[in-house]
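Number of protein chains: 2
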Amino acid sequence: MVETTLDETHEIQLKSWVESANQPEGDFPIQNLPMGVFEQPGDRGAPSIGVAIGDLILDLSGCGAAGLLDIVAPAISQACTARSLQGLMALGPAPLSELRLHLSRTLRAHQPNSNENSQGALPHLIERSKVRMLLPCQIGDYSDFYASIHHAANVGKLFRPDNPLLPNYKYVPIGYHGRASSIVPSGTPVRRPYGQIKVDHAETPSFGPTASLDYELEVGFFNGAMNPLGSPVPIDEAESHIFGLCLVNDWSARDIQAWEYQPLGPFLGKSFATSISPWIVTLDALAPFRVASASRPESDPPPLPYLSSPRDRAKGAFDVRLEVLLSSHRMRESGIEPVSLGRANLRDLYWTPAQLLAHHTSNGCNLRPGDLLASGTVSGAPETSKGSLLELTERGRKPITLPGGEVRSFLADRDEVIMRAHCERPGFARIGFGECRGVVLPAENGVG
Amino acid sequence: MVETTLDETHEIQLKSWVESANQPEGDFPIQNLPMGVFEQPGDRGAPSIGVAIGDLILDLSGCGAAGLLDIVAPAISQACTARSLQGLMALGPAPLSELRLHLSRTLRAHQPNSNENSQGALPHLIERSKVRMLLPCQIGDYSDFYASIHHAANVGKLFRPDNPLLPNYKYVPIGYHGRASSIVPSGTPVRRPYGQIKVDHAETPSFGPTASLDYELEVGFFNGAMNPLGSPVPIDEAESHIFGLCLVNDWSARDIQAWEYQPLGPFLGKSFATSISPWIVTLDALAPFRVASASRPESDPPPLPYLSSPRDRAKGAFDVRLEVLLSSHRMRESGIEPVSLGRANLRDLYWTPAQLLAHHTSNGCNLRPGDLLASGTVSGAPETSKGSLLELTERGRKPITLPGGEVRSFLADRDEVIMRAHCERPGFARIGFGECRGVVLPAENGVG
Chain A
187 MVETTLDETH
197 EIQLKSWVES
207 ANQPEGDFPI
217 QNLPMGVFEQ
227 PGDRGAPSIG
237 VAIGDLILDL
247 SGCGAAGLLD
257 IVAPAISQAC
267 TARSLQGLMA
277 LGPAPLSELR
287 LHLSRTLRAH
297 QPNSNENSQG
307 ALPHLIERSK
317 VRMLLPCQIG
327 DYSDFYASIH
337 HAANVGKLFR
347 PDNPLLPNYK
357 YVPIGYHGRA
367 SSIVPSGTPV
377 RRPYGQIKVD
387 HAETPSFGPT
397 ASLDYELEVG
407 FFNGAMNPLG
417 SPVPIDEAES
427 HIFGLCLVND
437 WSARDIQAWE
447 YQPLGPFLGK
457 SFATSISPWI
467 VTLDALAPFR
477 VASASRPESD
487 PPPLPYLSSP
497 RDRAKGAFDV
507 RLEVLLSSHR
517 MRESGIEPVS
527 LGRANLRDLY
537 WTPAQLLAHH
547 TSNGCNLRPG
557 DLLASGTVSG
567 APETSKGSLL
577 ELTERGRKPI
587 TLPGGEVRSF
597 LADRDEVIMR
607 AHCERPGFAR
617 IGFGECRGVV
627 LPAENGVG
Chain B
187 MVETTLDETH
197 EIQLKSWVES
207 ANQPEGDFPI
217 QNLPMGVFEQ
227 PGDRGAPSIG
237 VAIGDLILDL
247 SGCGAAGLLD
257 IVAPAISQAC
267 TARSLQGLMA
277 LGPAPLSELR
287 LHLSRTLRAH
297 QPNSNENSQG
307 ALPHLIERSK
317 VRMLLPCQIG
327 DYSDFYASIH
337 HAANVGKLFR
347 PDNPLLPNYK
357 YVPIGYHGRA
367 SSIVPSGTPV
377 RRPYGQIKVD
387 HAETPSFGPT
397 ASLDYELEVG
407 FFNGAMNPLG
417 SPVPIDEAES
427 HIFGLCLVND
437 WSARDIQAWE
447 YQPLGPFLGK
457 SFATSISPWI
467 VTLDALAPFR
477 VASASRPESD
487 PPPLPYLSSP
497 RDRAKGAFDV
507 RLEVLLSSHR
517 MRESGIEPVS
527 LGRANLRDLY
537 WTPAQLLAHH
547 TSNGCNLRPG
557 DLLASGTVSG
567 APETSKGSLL
577 ELTERGRKPI
587 TLPGGEVRSF
597 LADRDEVIMR
607 AHCERPGFAR
617 IGFGECRGVV
627 LPAENGVG
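Just so you know, the sequences run in chain order A and B.
Convert by adding 186 to the 1-based position in the first sequence; the result is the number in our numbering.
Convert by adding 186 to the 1-based position in the second sequence; the result is the number in our numbering.
No lab work stands behind these hints: they were computed from the structure.
Cβ atoms here follow ideal geometry from the backbone N, Cα and C, with glycine treated the same way.
One or more of the hints may lead you astray.
As the list claims (entries may be wrong) - Reference excerpt, derived from the structure (chain B facing chain A, CB under 8 angstroms, subset only): (1) Tyr362; (2) Pro379; (3) Pro449; (4) Tyr492.
What the hints assert, rightly or not - Simulated crosslink set (DSS-like; lysine-lysine; CA at most 27 angstroms straight-line): (5) B:Lys356 to B:Lys501; (6) A:Lys384 to A:Lys584; (7) A:Lys356 to B:Lys384; (8) A:Lys384 to B:Lys584; (9) B:Lys384 to A:Lys384; (10) B:Lys384 to A:Lys343; (11) B:Lys584 to B:Lys384.
Assemble the whole structure, with the sequences as input and the hints as a guide.
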């Protein structure tokens, strides 16, 4: 695990001259500075890298062209003017920290450490509400894990009540390859997919729209610096390969998945869409929120040596509060606020991100800048901490009632799923992730 | 399925003025013209697209710069000068056929239909033995299927003797997402991977080099023109999205795979390396070798409508003869030729490539130019038609003896696996695939 030192960028008393960044419940104070890629409406410009600050975005491409990034190493300022975060990701953690410090000084309200770029930055601030957020980079490969033991147990219980956890669970960070091409940024509507479905009483399957569309509340980790093919990343170096975190909704069609997944795992039940939140919260911003994993009891088998380190054990997890909400079409029409369906915490994963990454590379598999690793559904022990409808409604057997009286076993057309996350800790600024949103569109153009 | 008409480029009497293309047993006669990307030694040039002809490569980048491609549409000649086949793939089948006809006329020995570019092409021919073949394109996503019913039954029998085929097999073209980053071109050595292994009598797993490294004899299909997210490709259009075929060795660590694969499928048991042959044989070249699938008896359930079409049933399969050979270090030292371990035919797949592609997109999943779909291990019904050591040695229980006396349950260090394929049919030129090779390197730098 990389040293996650706290520096001046974390100080709670720091304020920005961007006033909207100083609201106590905001996601993007000056202590956060998450990175993303945006596009302005019309043809005003190509996609640019931006940093969220309050309600605004600092356009790094514009800053670079104006010479405002000259103080950082040329490799960094050059990477800031690209159309994707890939170049910055590839540089590894030290340059990113250098950039963060510079941006923090540029955006902070005048103090001795502020720098002279503040005034120059003014023309490169854009309202967040006026841009379109894109994927932060080209995602080469997407791997999805199964790192929440509560989720694994909840799901296992539905199928094997006496023996919910498989024998490998406490040894292997279980994961599978997901589909990269269908990852979309928050706000992209998701079409209800067709697929082969075999209902319980039927002799044969039929082809039609899924009747059990679900969300999965997950957190993604973008890979930063690559490791060459054949070169595993040791557990203590794994975090230096993680660029930052985002929210992931791993949309799932449970009926398609149930019929197809033996013996090679999920495929079309997942690959129709995966949504991610557009702002990547860096490991530097999350440094104050590092904790021990909360879900591995002392009595469990210790991780094998290649997944074990004292530092990872002490602070390998992230204290990030997650929430998933639902808003139906009728709720929106009636002015009813989205209803919370579950709250979970990322610290409740059985495996830390460093363990997931070390495991992923332990066979020599190469991870490239921009590759995405996701946690798998994050659920907690309480009933109120379930990260999917599959768990919440027990496979549809116990439907839930929404405010306004509608009932849901699984998602209905025009339902909007909203995911949010933030970190909080006394003595530190609140760090938010923004939102991951997606509306379900009715099925269309089936080919059957 | 797209119309696969035979035109002048398929005529058996066509000869090339490149003499080595006219040998009857050669892989690359003028009727083939497979495409790949190569690099010349030193820094003489960037990667170029080339077409194999006999022992030579026609450098399309050089041809384009010299104006020799001016006769084809500008979009085509421009795509020929790229460093990757992605651009050509994106254009779809008609431009590719136009290019093929032009190249055939350029390279054929003088006949009325030859064109005037023949002499101009001479300076753009390079010896194949002097270049390094690269991946043909950036592979965005790699999906691997399980389309050989003989393979599925052979493997199933090892684990469930009474019930080898799962209930979904004859309805769902089973597949999973593979790892794109670790796909390497033929000739790249493959390092024996470390991983978690639980031997049968042990209470807990340990971390070490795989003791059951295997090959899988497969064929890959490169996606050409993309389909947008949310837009399934109907079965009758599926072939217009397939650019061409290559050989795939889906290296597998059976012990790692056995311990990790429940419940989400293969992951690190596969993702350490996948080798592909560098020459993509186009669908045009394969037009004379289209046949009905040979492995679906009339008594089996018919494919669901979205996987069914009269044309696909009549000619959806490819009559491609596959072979996998092994050469141990000691065999090479002793001058013993590689030994054939299995011969199979691509027509024996239960599902056609068009069915695999239509199924893959049936949930709206988007396939991009350069995405790779693979067949899964191709095995046939006879004992001599097994495409993996897992099947051949029955999980190591029945080791095989190599010429020279060595014994193999699975692959040993320094073993070289060689895959070859070709098509033959009376009245048509032999169409070869070249080779997919890889040597096993000893395990190294485990992190445990």
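Structure-based check of each hint:
no.: 1; hint: Tyr362; in the structure: holds (4 angstroms)
no.: 2; hint: Pro379; in the structure: holds (4 angstroms)
no.: 3; hint: Pro449; in the structure: holds (6 angstroms)
no.: 4; hint: Tyr492; in the structure: holds (4 angstroms)
no.: 5; hint: B:Lys356 to B:Lys501; in the structure: holds (19 angstroms)
no.: 6; hint: A:Lys384 to A:Lys584; in the structure: holds (21 angstroms)
no.: 7; hint: A:Lys356 to B:Lys384; in the structure: holds (13 angstroms)
no.: 8; hint: A:Lys384 to B:Lys584; in the structure: violated (39 angstroms)
no.: 9; hint: B:Lys384 to A:Lys384; in the structure: violated (34 angstroms)
no.: 10; hint: B:Lys384 to A:Lys343; in the structure: holds (24 angstroms)
no.: 11; hint: B:Lys584 to B:Lys384; in the structure: holds (21 angstroms)
Going through the hint list in order, the structure does not satisfy hints 8, 9.
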